[in-house]
Amino acid sequence: MGIQNLLWQVAKKSFTGSIIGLTISDRCCSVVPVRGDSMSPTFNPQKNSYLDDYVLVDKFCLKDYKFARGDVVVFGSPTHYRDRYIKRIVGMPGEWISSSRDVIRVPEGHCWVEGDNKTSSLDSRTFGPIPLGLIQGRVTRVVWPPQRLGKIS
Amino acid sequence: MASPSSFWSKAFRDAIKSGVFIAKIYCFLHVTTNHLGFMAYAYGPSMTPTLHSSGNVLLAERITKRSQKPSRGDIVVIRSPENPNKTPIKRVIGIEGDRISFVIDPRKNDQSETIVVPKGHVFVQGDYMHNSRDSRNFGPIPYGLIQGRVLWRVWPFQDFGPLEPTLT
Numbered sequence: 001m002g003i004q005n006l007l008w009q010v011a012k013k014s015f016t017g018s019i020i021g022l023t024i025s026d027r028c029c030s031v032v033p034v035r036g037d038s039m040s041p042t043f044n045p046q047k048n049s050y051l052d053d054y055v056l057v058d059k060f061c062l063k064d065y066k067f068a069r070g071d072v073v074v075f076g077s078p079t080h081y082r083d084r085y086i087k088r089i090v091g092m093p094g095e096w097i098s099s100s101r102d103v104i105r106v107p108e109g110h111c112w113v114e115g116d117n118k119t120s121s122l123d124s125r126t127f128g129p130i131p132l133g134l135i136q137g138r139v140t141r142v143v144w145p146p147q148r149l150g151k152i153s
Numbered sequence: 001m002a003s004p005s006s007f008w009s010k011a012f013r014d015a016i017k018s019g020v021f022i023a024k025i026y027c028f029l030h031v032t033t034n035h036l037g038f039m040a041y042a043y044g045p046s047m048t049p050t051l052h053s054s055g056n057v058l059l060a061e062r063i064t065k066r067s068q069k070p071s072r073g074d075i076v077v078i079r080s081p082e083n084p085n086k087t088p089i090k091r092v093i094g095i096e097g098d099r100i101s102f103v104i105d106p107r108k109n110d111q112s113e114t115i116v117v118p119k120g121h122v123f124v125q126g127d128y129m130h131n132s133r134d135s136r137n138f139g140p141i142p143y144g145l146i147q148g149r150v151l152w153r154v155w156p157f158q159d160f161g162p163l164e165p166t167l168t
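Chains A and B, in that order, are what the protein sequence lines are.
Residues 1 to 153 (my numbering) make up the first sequence, in order.
Residues 1 to 168 (my numbering) make up the second sequence, in order.
Because the hints were derived from the structure by calculation, they are not lab data.
Check the hints yourself; a few may be wrong.
To be verified - Stretch-level coverage of chain A by chain B, calculated; a stretch enters the list once three of its residues show a Cβ under 8 Å from a Cβ in chain B: (1) 22-30; (2) 78-88; (3) 108-118; (4) 131-143.
Said to hold, decoys possible - Far from chain B by the CB rule (all over 12 Å, computed), these chain A residues: (5) 2; (6) 18; (7) 33; (8) 56; (9) 64; (10) 66; (11) 104; (12) 125; (13) 152.
The C-beta atom is built at its ideal place from N, Cα and C for all residues, glycine as well.
With the rest of the complex left out, here is chain A (with noise of 0.2 Å):
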């Protein structure tokens, strides 16, 4: 049967796609919107704008979790394990940040990230230093809206 067969050709090729797809999106790099505007004025710099800031995430990153203080990171939140805040790392091991009331050093395998948007932004202030293994990737480009289309500091 001629439909038959294009169906199951379809479906192959499909489930091949998607199979490559998931392995670059994982290994390579990914495309994500950013909510919120804890990051202003780096993403999403108007608040209530329709249009959400999308950003290049890269993977490479993670096989050796070489990361540096400055760089925006994609982490899993370590109280609501299904969410993923982006903010930029601020400390790194061993350095001390000051807090509102006392500086705390930063341990071994974590860091300190925080928001560029310190008035509203849910970061290490309220939840302390995070485990580098919770770092899912690195945001190294802007892609929509093209106006801003380019890289980050």
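Given the coordinates of chain A, work out where chain B should sit on it, guided by the hints.
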């Protein structure tokens, strides 16, 4: 009789086809090990007598960690909060909300401490408490650090079989 140029173009096309085939195999293996289940080689004294310190090959699965939270007694592969490149294997002793009392260092003295496991975290401990770096040292770990749940021991063959979920 094939001419030399068509021989090279045929060889080139065959090389592309094998390359695509190898890429498909690689992607299939990646999806299986990262989303279904993987084999792990475990060694070290921290989980005796459950796991031999000289080495075991274990089968771990990644499916249940998406839908349900880990339960007490599971043996899990975690990413160490002290060094993200290491993946030790420990047992889950407490889940969020549990009150855990433990002896901080059984080799030194009997001083104990009691903590409540915070939301979204688990308390993991090695079965051989005298030689194990676990949540008694680095505190409860978030669910996101759990890589998979150990189901089965494949090698050594004398002990081929499932690993019990509760502490023996």
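These are the hints, each one checked on the structure:
1. For the region 22-30 of chain A, the stated coverage by chain B holds: 4 residues have a C-beta nearer than 8 Å to a C-beta of that chain, and at least 3 were required.
2. Counting residues of the region 78-88 of chain A whose beta-carbon sits less than 8 Å from any beta-carbon of chain B gives 4, enough to reach three: the coverage restraint holds.
3. Residues of the region 108-118 of chain A lying with their CB closer than 8 Å to a CB of chain B number 3, which satisfies the three-residue condition for coverage.
4. Given a C-beta distance limit of less than 8 Å, the hint that chain B covers the region 131-143 of chain A holds, as 5 residues qualify and 3 suffice.
5. No beta-carbon of chain B is positioned within 12 Å of the beta-carbon of residue 2 of chain A; the least distance is around 26 Å.
6. Some Cβ of chain B comes within 12 Å of the Cβ of residue 18 of chain A; the nearest lies about 9 Å off, and the non-interface call is violated.
7. The non-interface label for residue 33 of chain A is consistent with chain B: the shortest C-beta to C-beta separation is roughly 20 Å, beyond 12 Å.
8. Its beta-carbon lying about 20 Å from the closest one in chain B, residue 56 of chain A satisfies the requirement of being farther than 12 Å from that chain.
9. A beta-carbon of chain B comes within 12 Å of the beta-carbon of residue 64 of chain A; the shortest separation is about 7 Å.
10. Listed as outside the interface, residue 66 of chain A is inconsistent with that label: its C-beta sits roughly 10 Å from the nearest C-beta of chain B, within the 12 Å cut-off.
11. Every beta carbon of chain B lies more than 12 Å from that of residue 104 of chain A, the smallest distance being close to 15 Å; the non-interface claim holds.
12. Every C-beta of chain B lies more than 12 Å from that of residue 125 of chain A, the closest at about 17 Å, which supports listing it as non-interface.
13. No Cβ of chain B approaches the Cβ of residue 152 of chain A within 12 Å, the least distance being about 23 Å, so the stated non-interface status holds.
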